[in-house]
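There are 6 protein chains.
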Amino acid sequence: MADTWLPSLITATPQEGFELAITLSRRGVKYTQPDAEVLHKLRPEYANDHAALTAASQVVATNFQTVAAANNYWRG
Amino acid sequence: MADTWLPSLITATPQEGFELAITLSRRGVKYTQPDAEVLHKLRPEYANDHAALTAASQVVATNFQTVAAANNYWRG
Amino acid sequence: MADTWLPSLITATPQEGFELAITLSRRGVKYTQPDAEVLHKLRPEYANDHAALTAASQVVATNFQTVAAANNYWRG
Amino acid sequence: MADTWLPSLITATPQEGFELAITLSRRGVKYTQPDAEVLHKLRPEYANDHAALTAASQVVATNFQTVAAANNYWRG
Amino acid sequence: MADTWLPSLITATPQEGFELAITLSRRGVKYTQPDAEVLHKLRPEYANDHAALTAASQVVATNFQTVAAANNYWRG
Amino acid sequence: MADTWLPSLITATPQEGFELAITLSRRGVKYTQPDAEVLHKLRPEYANDHAALTAASQVVATNFQTVAAANNYWRG
Chain E
1 MADTWLPSLI
11 TATPQEGFEL
21 AITLSRRGVK
31 YTQPDAEVLH
41 KLRPEYANDH
51 AALTAASQVV
61 ATNFQTVAAA
71 NNYWRG
Chain D
1 MADTWLPSLI
11 TATPQEGFEL
21 AITLSRRGVK
31 YTQPDAEVLH
41 KLRPEYANDH
51 AALTAASQVV
61 ATNFQTVAAA
71 NNYWRG
Chain F
1 MADTWLPSLI
11 TATPQEGFEL
21 AITLSRRGVK
31 YTQPDAEVLH
41 KLRPEYANDH
51 AALTAASQVV
61 ATNFQTVAAA
71 NNYWRG
Chain H
1 MADTWLPSLI
11 TATPQEGFEL
21 AITLSRRGVK
31 YTQPDAEVLH
41 KLRPEYANDH
51 AALTAASQVV
61 ATNFQTVAAA
71 NNYWRG
Chain R
1 MADTWLPSLI
11 TATPQEGFEL
21 AITLSRRGVK
31 YTQPDAEVLH
41 KLRPEYANDH
51 AALTAASQVV
61 ATNFQTVAAA
71 NNYWRG
Chain G
1 MADTWLPSLI
11 TATPQEGFEL
21 AITLSRRGVK
31 YTQPDAEVLH
41 KLRPEYANDH
51 AALTAASQVV
61 ATNFQTVAAA
71 NNYWRG
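Protein chains in written order, with UniProt numbering: chain E, 1 to 76; chain D, 1 to 76; chain F, 1 to 76; chain H, 1 to 76; chain R, 1 to 76; chain G, 1 to 76.
Mixed in with the good hints, there may be bad ones.
Copies of the same chain are indistinguishable here, so a pair counts whether it falls within one copy or spans any two.
The list that follows gives simulated cross-link-like pairs (lysine to any residue, SDA-like), each with its CA atoms no further than 25 angstroms apart [to be verified]:
# : residue 1 : residue 2
1 : K30       : R43
2 : K41       : A51
3 : K30       : A47
4 : K41       : Y31
5 : K41       : D3
6 : K30       : A51
7 : K41       : A52
8 : K41       : W5
9 : K30       : W74
The set of hints was computed from the structure by calculation and includes no laboratory data.
Work out the full structure: start from the sequences and follow the hints.
The following block contains the structure:
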């Protein structure tokens, strides 16, 4: 991907870290399916499917583990 | 998300840590589907589906790993 | 949840640690579906479904990772 | 479970560690479905189902992570 | 596989690390199905399937954990 | 299993480590279904199924985490 979207894993707060984990999870999809239109078309399906929403939360949880470790759990 | 919901990963007890993992898991869903009404409508489906309940517990287990590590396993 | 069910992650033996991981996995379900009657009704389905049993073992394996790390792998 | 089946996570070799991970994975099933007859009846289904075999290998991989860390990766 | 495709886990930036995780995830498929034609034929199916795209992002998240740890989270 | 197939987790390079992770993943299947003929019969199914190929890559990613940690990420 041409754009620089991941300069660092360091964030100021846990919440920003969680939102970076959301970004990482979405990029994991985007690298596989770069066509934004296709992704937009798929949204109504997964956004109303509990299994899909739970699977998405699982990816976020895995990426949040990485970001939290990178930030030493924001233990200051 | 506008509200500040994740100020810290540090909790007083393992049980509070587990409940934070529940929060993280639900937020992972909410960031994907912010419409509370949709989530409410989906509840009867997943709350009576053993595969969905197990998948939810898997997300909690992953987030609990993160919270437990953040709290050095509450080893005092 | 009102009751105090998770005072500590520390256990005397690996087997007790594995049994704590079972408890954590079941609580991950219970926080999502607190109605014991519903869970009881679902049991015949998942207890005779190999995919469900494997998925349950996956949750236990993830929670056991956390408990084992908390106990420094019972290396004494 | 009454029997003592998990006295320690320490094994002499990585292969014994992998076999302990197999045991942990099967116990994760057995704690959920203790009836050996039911498990025996389910075997033809999952033993000939590639998705089930891969899911089983995923549980073993997760438990092997735990056992390997417990043994400091048998780095002597 | 004959070609040398993984000389190191070290990358200059987190984004390069994420792209290495993408490579690891695709190689995990390629070692199981080396026939590029088959993989090409499968693309329309998974690239338009939200569950498949989420599962792919889950593999990337797991591999990114490994690459990030290898690079000490690019904490410089 | 009688044969000694896992003497060590240490490999010379990351690529050899990835290939060991492939071996661990396949052994995780083989310990559950030792009949090579059955596994051979299943191959056409999973080798042409994107969900199965992604699930296989997920197992490899988990095992590669273990092997990479064992080798201190080949940081020399």
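Hints versus structure:
1. Taking the shortest Cα distances, K30 and R43 sit within 25 angstroms of each other both inside one copy (13 angstroms) and across copies (14 angstroms).
2. Taking the closest pair of Cα atoms, K41 and A51 come within 25 angstroms of each other both inside a single copy (18 angstroms) and across two copies (14 angstroms).
3. Taking identical chains as interchangeable, the C-alpha atoms of K30 and A47 lie at most 25 angstroms apart whether they share a chain (17 angstroms) or sit on different chains (10 angstroms).
4. Taking identical chains as interchangeable, the C-alpha atoms of K41 and Y31 lie at most 25 angstroms apart whether they share a chain (17 angstroms) or sit on different chains (18 angstroms).
5. For the homomeric pair K41 and D3, the shortest alpha-carbon distance inside one copy (23 angstroms) is at most 25 angstroms, but the shortest distance between copies (29 angstroms) is not.
6. Within a single copy, K30 and A51 get their C-alpha atoms as close as 20 angstroms, and across copies as close as 13 angstroms, so both meet the 25 angstroms cut-off.
7. For the identical chains of this complex, K41 and A52 are neighbours both inside a copy (15 angstroms) and across copies (15 angstroms), given an alpha-carbon limit of 25 angstroms.
8. Within a single copy, K41 and W5 get their C-alpha atoms as close as 23 angstroms, which meets the 25 angstroms cut-off; across copies the closest is 30 angstroms, which misses it.
9. Only between protomers do K30 and W74 lie at most 25 angstroms apart by alpha-carbon distance; the minimum there is 23 angstroms, versus 28 angstroms within a single protomer.
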